[in-house]
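Novice: Here is how the chains run, residue by residue.
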Amino acid sequence: MLSREPEDSALEVHELSKRYEAGQSAVDGLSFNVKVGEFFVIMGPSGSGKTTLLKCIAGLLLPDGGKIVIHGGDVTDLPPNKRNVSLIFQDFALFPHMNVFENIAFGLKLKKMGKDEIRKEVAEILKLVGLSHMEKRFPRQMSGGEKQRVAIARSLVVKPKILLFDEPLANLDYRLQRKMEEELKILHQRLGLTFIYVTHNQEQAISLGDRVMILNRGVIEQIGSPTEIYMHPVNVFTARFLGELNLVRGEVTRLDGPKVEVKTSFASFTASAGGERLEPNTEVTYAVRPEKVSIGEGEQKKENMAKAKFVSAIYRGTETECLVEMPNGSIFKAIVPGERIREISWSPSEVVTIGWRAEDAFVLREVSAVAGTDVESLIYGQGGGETR
Amino acid sequence: MSRFEKFQNHVLIIPSMLVVAVFGILPLAFIVLVSFYQASFEGFIPVFTPSNYSALFGSALTAKVLYTTLRLSAITVVLALVLGYPIAYTLAYKVRSPRKQTFVLLMLIIPFLMDYSIRTLSWYPILGAKGFVNIFLQQAGVTSGPLSLLFSESSLIAIWLQTYVLFMITPIYLALVKIDPSGVDAARTLGASSWQAFLSVTLPLSLPGVVVGSIYVLVSTISDYATPELFGGGIQTVGLEIAQRASSFLWPEAAAFAVLLILVFLALSYLVLRFVDIQQLF
Numbered sequence: 001m002l003s004r005e006p007e008d009s010a011l012e013v014h015e016l017s018k019r020y021e022a023g024q025s026a027v028d029g030l031s032f033n034v035k036v037g038e039f040f041v042i043m044g045p046s047g048s049g050k051t052t053l054l055k056c057i058a059g060l061l062l063p064d065g066g067k068i069v070i071h072g073g074d075v076t077d078l079p080p081n082k083r084n085v086s087l088i089f090q091d092f093a094l095f096p097h098m099n100v101f102e103n104i105a106f107g108l109k110l111k112k113m114g115k116d117e118i119r120k121e122v123a124e125i126l127k128l129v130g131l132s133h134m135e136k137r138f139p140r141q142m143s144g145g146e147k148q149r150v151a152i153a154r155s156l157v158v159k160p161k162i163l164l165f166d167e168p169l170a171n172l173d174y175r176l177q178r179k180m181e182e183e184l185k186i187l188h189q190r191l192g193l194t195f196i197y198v199t200h201n202q203e204q205a206i207s208l209g210d211r212v213m214i215l216n217r218g219v220i221e222q223i224g225s226p227t228e229i230y231m232h233p234v235n236v237f238t239a240r241f242l243g244e245l246n247l248v249r250g251e252v253t254r255l256d257g258p259k260v261e262v263k264t265s266f267a268s269f270t271a272s273a274g275g276e277r278l279e280p281n282t283e284v285t286y287a288v289r290p291e292k293v294s295i296g297e298g299e300q301k302k303e304n305m306a307k308a309k310f311v312s313a314i315y316r317g318t319e320t321e322c323l324v325e326m327p328n329g330s331i332f333k334a335i336v337p338g339e340r341i342r343e344i345s346w347s348p349s350e351v352v353t354i355g356w357r358a359e360d361a362f363v364l365r366e367v368s369a370v371a372g373t374d375v376e377s378l379i380y381g382q383g384g385g386e387t388r
Numbered sequence: 001m002s003r004f005e006k007f008q009n010h011v012l013i014i015p016s017m018l019v020v021a022v023f024g025i026l027p028l029a030f031i032v033l034v035s036f037y038q039a040s041f042e043g044f045i046p047v048f049t050p051s052n053y054s055a056l057f058g059s060a061l062t063a064k065v066l067y068t069t070l071r072l073s074a075i076t077v078v079l080a081l082v083l084g085y086p087i088a089y090t091l092a093y094k095v096r097s098p099r100k101q102t103f104v105l106l107m108l109i110i111p112f113l114m115d116y117s118i119r120t121l122s123w124y125p126i127l128g129a130k131g132f133v134n135i136f137l138q139q140a141g142v143t144s145g146p147l148s149l150l151f152s153e154s155s156l157i158a159i160w161l162q163t164y165v166l167f168m169i170t171p172i173y174l175a176l177v178k179i180d181p182s183g184v185d186a187a188r189t190l191g192a193s194s195w196q197a198f199l200s201v202t203l204p205l206s207l208p209g210v211v212v213g214s215i216y217v218l219v220s221t222i223s224d225y226a227t228p229e230l231f232g233g234g235i236q237t238v239g240l241e242i243a244q245r246a247s248s249f250l251w252p253e254a255a256a257f258a259v260l261l262i263l264v265f266l267a268l269s270y271l272v273l274r275f276v277d278i279q280q281l282f
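So the protein lines, in turn, are chains F and E. Here the first sequence is numbered in this note's numbering, starting from 1 and rising by one per residue. Here the second sequence is numbered in this note's numbering, starting from 1 and rising by one per residue.
Isolated chain F (complex conformation) (with noise of 0.2 Å):
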């Protein structure tokens, strides 16, 4: 630890625990670094403690164990008007009975700055988010992106070193995000400042992140950048979180140089070994991309064929994904250039011809890094991902 520079870390936490109590869920034992002017996601499912980690940092939640470090300083005992963190709220929690004006004014009234100057400050944070000519509204007078962008800058105003975000653009609807995830982009990479943004959303997260931690049940399982964790999952959770795979359980029968030949309950199929210590026998989840599976190709040879049962097909302009139910039950989706919903004539229940290189192929070893989760119901159950 000590020989890392404190200058490069806007946040280090270290082994941060708070415990389960009424309307929150718990940490256990996290450390990370956030770099400085990094744009930071942690991702995870509800329940997984993203908003727990968020109110701890921000001094909003005292922890039970642990410390907190940022920019080189312990604020684990600060509160948080000490810490010079800035939370941005789900609900925008701007202040009701104050206009845009006071609202985005108020951070700076409490560090006793001269009226002049905090006109001057208010009127060029509106400028950046948009929003001059708003000053006299009242936040029951605005649209939610305007309230957000009010929210924004409302914290943008006092300087902090960090910028906290809590799921910000969960209330908005769908092209609003969107334009609002490019605003985010634009403001964060003129700033230079760090940001820490918590979604469940997959999109945002691989949208907006530099890295991106992801949370299960208080623990992380995994962090790195959303393309690293995109094309290499350290374990099922992350891969079902993340990405959207088409896995099956299986076992290692063959190790044969960079390929491994896994057994399922209904075929073999081989894969790339990649970084994976295997053994035959060992216990194993399968996992192919579906842009990588080709549907209905039955002359091209491919290593990994299967015949399956067609199910749908569903049209998402660039691209069509195909759903097909493999003989275990379970639905595997291809994903095939958008066109090509002109040429599928399946009707439901006609086998087709699914299949994939061995190297578009890879198998995943561990689960999650919350024991005893049950792999099956990773896979098969409902939630979650996209596959069945």
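If you're looking for bench data, these hints aren't it; they were derived computationally from the structure. Computed from a predicted structure; not experimentally measured. C-beta atoms are modelled at their ideal positions from N, C-alpha and C, and glycine is treated no differently. Keep in mind that a hint or two might mislead.
[Unchecked claim] Cross-link-like lysine to aspartate or glutamate pairs, in silico, DMTMM-like; alpha carbons within 20 Å at most:
no. : chain 1 : residue 1 : chain 2 : residue 2
1   : E       : Lys100    : F       : Glu21
2   : E       : Lys94     : F       : Glu181
3   : F       : Lys136    : E       : Asp277
4   : E       : Lys178    : F       : Asp91
[What the hints assert, rightly or not] Here chain E is said to cover these stretches of chain F; the calculated rule only asks that three of the stretch's residues, wherever they fall, bring their Cβ under 8 Å from a Cβ of chain E:
no. : segment
5   : 54–64
6   : 94–106
7   : 150–159
[To be verified] Just the calculated beta-carbon pair ranges, DEER-fashion:
no. : chain 1 : residue 1 : chain 2 : residue 2 : range
8   : F       : His133    : E       : Leu273    : 24 to 34 Å
9   : E       : Asp277    : F       : Ala123    : 22 to 32 Å
10  : F       : Gly37     : E       : Val95     : 41 to 51 Å
11  : F       : Asp77     : E       : Gly234    : 53 to 63 Å
12  : F       : Gly29     : E       : Val95     : 47 to 57 Å
Position chain E relative to chain F; hints supplied.
Specialist: Below, chain E without anything else, positioned relative to chain F:
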């Protein structure tokens, strides 16, 4: 909303409007009418005269009684607020489990399930000459003889407080639970201490509850005559004045005093409501 639905809504409020008209507005109109009649041994003669009001305004006692009443009521309102707000706050934010909240509310309501006279008379064994407080003070050697704790302004206020503090707590509690708790959290992360966050967020947002509670307590105390009669120790209040006039068949004068009280009260309410939007409560 279709025409028929509108019509339906109008029809549906007719019964309640009738109740308000018959039992609220009519008697009030009658009181206003009687206040302009001439007094007589039978109660009143239906002859119009401004003399009831000229007698009222001509007497120095009127202003004095009005002042005493308003002063005592105002002190009670302020004390009820000082006492009730922390209770409402604790109930809204510090008592986490709903079961405990219900329990505390129940404990506050139970005194109201008792009969008024029993609840009031039970102050005798507490504050009376041979009451609990006096005996304790003498045993402890603080005082040599019994203090006259009852029959004074302070005992009147104490009894009013005990009776009406719940009327203050309830609307404040309702206003507090409606406040989004993340507003306070936001204030904290913007640099406010917990006290500053309370003053700038929680308190202003709970003002409608404070106003409604204050009006409840004010109305209840300003017109009360039984408690001042029993425990006031000879204090003259508006309620007492009206009751005394009414019982000596000076109905028009009693009515005029009542109208004056209503006007004073309306003026006070108007002033307060101009500054606080109680709509926020609903």
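Novice: All the hints need checking, so say for each whether the structure fits it.
Specialist: Outcome of the hint check:
1. Lys100(E) with Glu21(F): holds (16 Å)
2. Lys94(E) with Glu181(F): Not satisfied, since the Cα-Cα distance of roughly 37 Å exceeds 20 Å.
3. Lys136(F) with Asp277(E): Holds, at about 18 Å.
4. Lys178(E) with Asp91(F): Distance of about 14 Å is within 20 Å: holds.
5. 54–64: As far as the segment 54–64 of chain F goes, the hint holds, because 4 residues have Cβ atoms under 8 Å from chain E.
6. 94–106: Answer holds; 5 residues pass the 8 Å Cβ test.
7. 150–159: Since 4 is at least three, the answer is holds.
8. His133(F) with Leu273(E): 24 to 34 Å: holds (32 Å)
9. Asp277(E) with Ala123(F): 22 to 32 Å: holds (28 Å)
10. Gly37(F) with Val95(E): 41 to 51 Å: 44 Å Cβ-Cβ, so the 41 to 51 Å window holds.
11. Asp77(F) with Gly234(E): 53 to 63 Å: Holds: the Cβ-Cβ distance is about 59 Å, inside 53 to 63 Å.
12. Gly29(F) with Val95(E): 47 to 57 Å: violated (32 Å)
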